[in-house]
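Participant: For reference, the chains in residue letters:
Number of protein chains: 2
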Amino acid sequence: MDQHLKETQIDSTLVYDGSFLKVQRDTVALPNGKPTIREYIKHPGAVVVLALFEDGSVLMERQFRYPLHRVFIEFPAGKIDLNEDPLECAKRELQEETGYTATDWQYVSTIHNAIAYADEHLDIFLARGLTVGERRLDDEEFLDVFKAPLDDLLSWVKEGKITDVKTVIGTFWLEKIVAGDWKL
Amino acid sequence: MDQHLKETQIDSTLVYDGSFLKVQRDTVALPNGKPTIREYIKHPGAVVVLALFEDGSVLMERQFRYPLHRVFIEFPAGKIDLNEDPLECAKRELQEETGYTATDWQYVSTIHNAIAYADEHLDIFLARGLTVGERRLDDEEFLDVFKAPLDDLLSWVKEGKITDVKTVIGTFWLEKIVAGDWKL
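Here the protein sequences line up with chains A and B, keeping their order. First residue of the first sequence? That's 1 in the working numbering, and the numbers climb one at a time after it. First residue of the second sequence? That's 185 in the working numbering, and the numbers climb one at a time after it.
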């Protein structure tokens, strides 16, 4: 049904193979047969953790994001290692970044954050039954961890204090889950 | 207050200057003074249009997104031209992609979709008082336009049929706006 929208690969070249970013440049045939160029980031995917405490508060991070030169409020998250299972990645990232482990994990949703120029997807998980332990940050990771009530997160989304898409979306999902409106 | 998180630029190089993507590679000082590399996409920013009809339905698009090799359900959206006002961009993109013009425009929110590797932001606008006219698609643009009830969009977010972040977030915002819970 989508033939009138579909683009088909003619050739594909890795044009930038950086320390973190890989950029692919493909020649593609448009639906009308004409050739054009598509450039995009190859990304292994990532996970996002909604770590919900019994008192209704949520585990959050504050992290400096260099491309925008400022600190963002975010949920714990991280890139999937080669061949890593997304849930295992979520458990690893939560423990490394915050020190917390969880007994109860549920898959929430998958989102695509830059469909015009990256193949990245993010798998969102809900983590409950939290116990605090020790953080194991990478040498190059600097971030603050804190707890916030879900109502504060919702206010921060509304006021534009939370603008990171995974955190905006996770906050809206948490509202639905906690209210019992959307079951996992 | 954020000195313990802040990263400072040491140098900056444009390492890939493509047809669409520009990749910057910077050397930065971490909060502990050690140098590291940050690579990121330079992006002009974009706009998203929530075009809401009086009957409660919303104007949507279906578009093939090459990096993920499939069609996505999306709100009308587009890149900001050099020196273009975001609201003017929103009006232009809505008309070009769908043919619609609107008499009533309101700013909704700004989101950041790839804070680890792009400086892109998206400004979301609500458009009401819609009148249909003629589309003016670029030569290389192929997309379907359709109307959907907001309840369907919410179901599609829940079921994972809508996964594009601007569309997930816009749908949640529309629910708040239409219910009168969040005022613009």
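It is possible that part of the hints are untrue.
As the list claims (entries may be wrong) - Derived pair list, reagent style DSS-like, types lysine-lysine, alpha-carbon separation capped at 30 Å:
# : chain 1 : residue 1 : chain 2 : residue 2
1 : B       : K275      : B       : K226
2 : B       : K331      : A       : K6
3 : B       : K263      : A       : K147
4 : A       : K6        : B       : K263
5 : B       : K218      : B       : K263
Said to hold, decoys possible - One side only, chain A facing chain B, incomplete, derived with CB under 7 Å:
#  : residue
6  : L14
7  : R38
8  : V71
9  : P86
10 : V165
Please keep in mind that the hints were generated in silico from the structure rather than gathered at the bench. Think of the CB as a built atom: it goes at the ideal place given N, C-alpha and C, for glycine as much as any other residue.
Participant: Taking the numbered hints from earlier one at a time, note which ones the structure violates and give those numbers from smallest to largest.
Facilitator: Failing hints, ascending: 3, 5, 6 and 9.
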